[in-house]
Amino acid sequence: MSPPQEQLAMSTWSVLPPEPSDSDKQMTRKEVLQVLRNEEIRIPDLSPYFRHWPSKIHPELDCLRVDVEKWLDSIIPQNKALNAFKASDFGLFGATWWPCAVNLSRLKIVTYIAIWLFIWDDEIDNAAGFMWDDWDAAQKFRLDTLDYVQYCLGLGGTDQTDPEPMNPIIRAFHVIGLAIRDASTRTQRKMFYDEMAEFMKQSEQEQHLRLNNSHLPSLSEFWSYRLGASAVFVCLAVNEYAYGDVELPDKAFENVDMREIWKLTNIIISAVNDILSLKKEIAKEAVDSVIPILYVKLGSLQAAMDKTTEFIASMVRKFDEAEARLLERYRTADDDLQLQLRKFIVGAKQYCTGNLRWSLETKRYREVARIAKEARDKSIELVHPPVPDVPTELPLNVSGIPKQLLTPAEVEITETPPEVLIESLASGKLTSVEVVNAFLRRAGLAQKLVNCITELLPEEALERAKYLDDYLKEHKKPIGPLHGIPISVKEHIAMKGRGLNAGFVAWWDRVASEDSHALQILWKAGCVFYARTTQPQTLMHLACSSNLYGETVNGFNRQLTCGGSSGGEGALLGLNGSVLGLGTDIGGSIRNPAANNGVYGLRPTGGRFPFDGLAAARGAHGIPAVMGPLSTSRAGLRLLMKTALAAKPWLKESSLFPFPWRDQESYLQCGPEKRLKVAIIWDDGVVRPHPPVTRALKELVDKLKNIPGVEIVDWKPYRHDYGWERIASLYYCDGALEDLDILTDGGEPMMPLSEFIIKSNPYRKRLQMEDLWDLLQKNEEYRRAYAKQWNDTATGIDSDGNPVGMVDVLLCPVGPGAAPPINEARYWGYTAQWNLLDYPAAVFPVTRVLPDIDTVEVDYKPRNEKDEHNYKLYDPEVYRDAPVSLQLVARPFDDEKERHLLGLNFDRGRKICLRLRHPSDERQFLGLEEVIDTMLHELCHNNIGPHNSEFNKLWDQLRDEYTTLKIRGYTGEGFLSEGKRLGGRRMPMDEARRVARANAEKRRTLYAGSGQKLGGAPVRRGADIRKIIADAAQRRIDVTRGCASETDQTSRLADEVSQNGFRTKAEEEDANEQAIMQAYIELLQEEEREKYGESYIPPSQELPAGPRTTLSPPPVPESSKPRPPTQPRSSSTPQDPSSQTLNNTSYDAPWTCPICTLENPPAYLCCDACTTERPVPSSMKSSSDSSDKGKGAERPGQNPVRRNTIKSSTTDRLVRPRSNAAEMLSVLEKERESKSKRPLGWLCHQCGAFMESQWWTCSSCGTMKQVS
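Numbering (the numbering used here), first residue to last: 148 to 1415.
Derived from the structure by calculation, the hints contain no laboratory data. Treat the hints loosely; a few may be bogus.
Calculated cross-link-like contacts (lysine-lysine; reagent style DSS-like; alpha-carbon spacing at most 25 Å) [stated by the list, open to error]:
id: 1; residue 1: Lys845; residue 2: Lys824
id: 2; residue 1: Lys643; residue 2: Lys525
id: 3; residue 1: Lys912; residue 2: Lys925
id: 4; residue 1: Lys795; residue 2: Lys671
id: 5; residue 1: Lys465; residue 2: Lys398
id: 6; residue 1: Lys624; residue 2: Lys795
id: 7; residue 1: Lys233; residue 2: Lys217
id: 8; residue 1: Lys845; residue 2: Lys595
id: 9; residue 1: Lys465; residue 2: Lys490
id: 10; residue 1: Lys1113; residue 2: Lys623
id: 11; residue 1: Lys233; residue 2: Lys465
id: 12; residue 1: Lys177; residue 2: Lys426
id: 13; residue 1: Lys643; residue 2: Lys426
id: 14; residue 1: Lys845; residue 2: Lys623
id: 15; residue 1: Lys454; residue 2: Lys525
id: 16; residue 1: Lys863; residue 2: Lys912
id: 17; residue 1: Lys454; residue 2: Lys465
id: 18; residue 1: Lys671; residue 2: Lys789
id: 19; residue 1: Lys789; residue 2: Lys1113
id: 20; residue 1: Lys177; residue 2: Lys454
id: 21; residue 1: Lys1100; residue 2: Lys1113
I would like the entire structure built from these sequences, with the hints used as guidance.
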C-alpha cells in the first residue's frame, strides 16, 4: 500500500507556536545532526514554571512497580529492550501522572496503557524497531491494532469476532481493553477509541514525512502531527476511568475552554519532552523535534532553547487563564459537577508536573548511569586472572575479605607501604607488572565490596608496567623516583582520552583532551595510572553518592559513609586497593575520606601543588581548591609531594608559588632551648565531637606529653561558626545557578546532601559585584584575626623582632565523629575552617570506635541545632569498627610540619631520639626506610644545626651513600640470618653466637638433674646459663649506676633527666642489654615449655636453675650441700668438671666448656656462651701440679691461663668512649679499696669501654683485656 499523496487532516485541537520571522532555511537531517553534535547543549531549568501546580506521587508506588515489572516480563522478550524499559521506572511514571487514581487496580491499568503506547510507538518510530523503514508493515500494524482495540473495548458490534492478531504487542492490549470495557460507559470507551485512532493516523503522517523528506519539517508540518502522535490525548481520555468518581457530561468536553485545556496540556508535555530528550534523540539520530527545527530557523541553539522555554511559559499562563474561564462558566452548576471539573483539571496539571518529574528522575539519567556502570564493569572484566567474586551476603566489615580471596603474594604486595614498594621496584626485587596486576585485582575486588571505582585501566597500566620493567632491565636504573608505583586518581582529574563527568550525569560523555598538569609530572616520574575513583554529585559532599555510580560505602562498616568528595580514593586505599592516590580538597574532600577509612591525607597550601586540569562547576570564589595526596603511609604523602614539586610546576602553572618541598623532619633547632609547641583543639565551640574522637585526642596528648621537647597547650577556637558563614557564602557566589543548570541539563534529581549544601544552605545567594567585594574583605579580616591569635601564642621576641615560642601546629579532630551513616555528613566545620584560612592540614589514623568504651554521654545537652543533630547520630554499635583519625594543622606553606614527631637530635648528638612505632598504633613499627631516613637526618645535626643548604647537601650525601650500599646488595640481612657475609664464607659472628648459645643450652640439659654417668659417680649440676647471663647484666647495671651516682656529675645528670626526659648512653645500653637478655631467657623457657609440656616448671627467683620438670628433683642449694673434705686434684676425680672435657689437650686445639659443654675455638679464653674461663689443658697440668706442690690444694675451677694480649686490627669498629669513664672508675676504685682487694673492672685500651672484672673481652669491640 502506497502512502497517501494528499495532506492528512490536522487534529482539530492542534495549535501552533509563534512562527519565527526569519525566512525558512533548508537543512537535511544529517546536516543538522552533524552541527548539533558539536554544539554545547545546556538544558534550562523548567521547574520554576510549574511550581504553582500540584505534584504528587500515588501512595501505591511500590506495589505498582512490582506489578509493572511482572507485566513487562510477560509482554517483552528477554533482551536489551526489556532492560531499558525496566530502567525507565514506569511505575514512577504512573504514580506521578495519576497520583489521584481511585485504587491500585485502576492505577495499574492506566499505567499499562502508557507503557503499551511507548512499546507500540517504538516499533515504528525507533531506528531499532522492526517497522522503522517498512511502510507496508507499519500500515498493517496500525490497522490490526485498531481492529483489536475496537474488539477488546466492545465497540465492534455483537457479530465481531476475535481478530487473534499474531503480533504479541497487539495482543498485550487484551488485559487493558477488558478492564476499561468492564468499568466505563460506552461514551467513555468511544472517546478513548477515537483518540487512539487519531494517534495512529498522526504516527502515519510522521513516518511518511520521515521516509519521503530528507529535510526537517517546517513548524507547521511538525505541529500538525506532533500533538496527535504524542498520545497525550489518549491518556487524557482515560482520566475518568482512573478517578472512578468522575463522569463529565458531553457538553463539558465540547466547551471551548475545556478543549483549550486539552490542547495546552498536550503542547506543554510535548515541548518539555523535546527539550529534555534532545541529547538522547541526537544520540539516536532522531532530530524531528521543535528545538532542531527552531535552530535551523534561528541559527543558534541557545536561541532555540530560549524561544521554546518562553513558549512553554506562555502556554502555562494560557492554561491558567482557560481554567479560570471554565470554572467561572460552571460557577452556578451543582457542587458535584464543579468538583468533578476541578478534579479533571488538576489531573491535567499533574500530567505536566508528573511528566517533568519522571523525565528528570528516570529515563535520561538512568540510561546514562546504566551505560557508565556497564563500561566500568567491562573494564574490570579485562583484569586477568579474573577478579574473584565476593559473597552475596556481605558482613558490615569487609576489610578482611581481600586477604581471603587474593593470593598470598598479592596480599603481601598490596599491603606493603609505598616507600618500601618503591625500593623493591627500583632494585628489581619486584617487577612493575606483578605489582600493577596485584593492585588491579585488589581494586576490582574493592569495587565489588564498596563501589569505589569508575573504571580500571588494565590494558594501559600493564603496557606501561612492561615498558618500565624493560627500561630498568636495559638501563640498570629506574626511570624516575616513582618507577613502577601504581597510583589511583579521582575521576574529575583530567586523564587524556578518558571521561570527565565530575559526578554529573550531564557531563558523562565529556572527554579530557589532555592529562592534568599533576598527572603529567607523575607520569614522567615513572608511575602507573591504573584506577579512577568515584566522587559525589556536584563534588560538594562529605560523602560519595551520585546518580551515575550510586553510593560508595565504608569498608570497615558498610552502613557508614566512606566520606567525600574524594570518597572513592579513601575507600580504595582503606581496603589496600591502592597505596598512593590523588584527590582534591575545597572543604575537606581529601582529609575527610582519608580519616573515614583510616589512611593518611594532606591538604597542601593553596598554590603549592599543581592544579590545572580539573572538571568542576564554577561559582566558588575566594576559597582555594587544591589537589593533594592520599596514602596508606605518611611517607607516601611526602613521596608524592616531593616528586611533584621537584618538577618545578610553577614554571608551567604561573599561579603556583616557587617553593620546592623542604626535606625537614621538623622545624626544631638542635639545642634544648627550642621545643615543639602543639596546641590542642578539643572542641570547635559549635559541635562537640563524639566520645571516640575525644578519647583519641586524650590518648595522643598523653603520649605527646611524654616526648622530650614537646610542649602541649590548649587552643581556643576563634569564631569557627562565623568562619562557616564566610565559606558557605563563598562556595556559591552565583547562587549555585551553574550547579542547578548542570543537574537540570542531565535530568537528574538532587541527592540529599546536594540539597543540604545548596537548597538548605542559608548563606547561598547570587552576589552582585559589590556584595562579593564586601564578602572577600570580611574573609580577609577574619584571616588576619586568626593569624593574630596564632602570633599571640609567642613567648618573646628575638633580636630581629620576630616572635619566638609560638605554637607550631594545631592538633584537632577531622570531624565531629567517625564516619557517619549514609546521607548524614552535614557538618563541615572541622575541615572547611582550614580551607577558609588556607592552612595546610594532614590527617592520620589513631584508633577505632570501641562500643564498650566509647559510650553515649547521656547527660550532655546540645548547644545548638547542629550540635543536637550530631549528638543524636551517635550510637556506639552503629559506629562499630569505624576508624578514628586526627588532624594536624600548620601555618600557610608549613606543609612539611606534619612530619614533626619522628626524630630529635639533642645537643649535637648527645642524644638522638628516633620514633620506631606508628604514633597512631604502637603495635605497628614504622617502615625501615622511614626510620633510616630520619636517622640520617638527625645524624646531620651532629655537624650542622639549622636546616640550610649545607645541611640538605650533607643529608643528600648520606642518602646517596646509603642508596649505593643497597643497590650493591648490602642490606644487613647477613647479620640476622644464616646467610654469608659480604665477601666471606663464614656465618656472621652474632648469628653464630646465637646458634651456639641455643645449642649449649640444649646440651646443658643433660646435666640438669642429679643422674649418674654410666658406671660412674653422680654428675655435678652446673650453674644455670640463664642465671649467669641475668646476674651479669644486673651487676653491670648496678656498677654503672653506682659509678654515676657517686660522682660530682650526679646532680647535673639528674637535672637533665628530669628536664628533658632522656637516659644517658650508658643507661640506654644497659637497658637494651637487659631487655635482650630477658627476651633470650623467655625464648629458652618457651622452648623448654614446648619440650616438656605439662610437666614443665618455670624457674623461680629462689631456684633460677630449675627444676625444669616434675620428673627431676629440685636442685640443692649450695649452702645446704655437705662440703666434702679437701682432696688433692686428680685427673680421675669425677667431681672435677674439667676432667670431663674430652678435647682439652692443648692451647692449639678446640676446647669444651666444663660448665655448659660448648665447644669453643682455640683462641677463645673464656666460653662464648657462659663466659667460664678456659681450664688448663691436660698437657700442661703435670707441670702446674708439680710447681704448686707444698702450696696447698686448689679450689676447683681456679685454673691458671695464659696471659696474652690479642690486639684488634685497624678494621675494628670504633665506639665513642663514655664521658669521664676513667675518672669515675678511679674514684670508685679508691672508695672501695678498703672493702675489697678485687678490682672493680677494667677499661678497654682500644675503645675505652668499661668492663667488669670477670669479663675477658670487650663487649663493644672484642679486644682482650691486657692483664688478668
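Hinted pair, alpha-carbon criterion (25 Å max): Lys454, Lys525. Please report holds or violated.
violated (42 Å)
Sort out whether Lys465 lies within 25 Å of Lys454, counting only the CA atoms.
holds (17 Å)
So if I understand the rule, the pair passes when the alpha-carbon distance is 25 Å or less; does Lys233 with Lys465 pass?
Distance of about 36 Å is beyond 25 Å: violated.
Given the hint that Lys177 pairs with Lys454, test it: the Cα-Cα distance must not exceed 25 Å.
Answer holds: Lys177 to Lys454 is near 23 Å, not above 25 Å.
Given hint Lys789 paired with Lys671 - CA-CA distance at most 25 Å:
holds (14 Å)
Holds or violated: are the alpha carbons of Lys912 and Lys925 at most 25 Å from each other?
Answer holds: Lys912 to Lys925 is near 17 Å, not above 25 Å.
Pair hint Lys795 and Lys671, alpha-carbon separation not exceeding 25 Å:
This hinted pair holds, its Cα atoms lying about 13 Å apart.
Regarding the pair Lys845 and Lys623, is the alpha-carbon distance no greater than 25 Å?
violated (50 Å)
Are Lys1100 and Lys1113 close enough, with their CA atoms no more than 25 Å apart?
holds (20 Å)
Pair hint Lys465 and Lys398, alpha-carbon separation not exceeding 25 Å:
Judged against 25 Å, a Cα distance of about 22 Å means the pair holds.
Would the hint linking Lys845 and Lys824 be met if the CA-CA limit is 25 Å?
Holds - the C-alpha atoms of Lys824 and Lys845 are around 17 Å apart, at most 25 Å.
Tell me if the straight-line CA distance from Lys863 to Lys912 falls inside 25 Å.
At roughly 31 Å apart (the allowed maximum being 25 Å), Lys912 and Lys863 break the hint.
Hints 8, 11, 14, 15 and 16, counting from the list given before, are not met by this structure.
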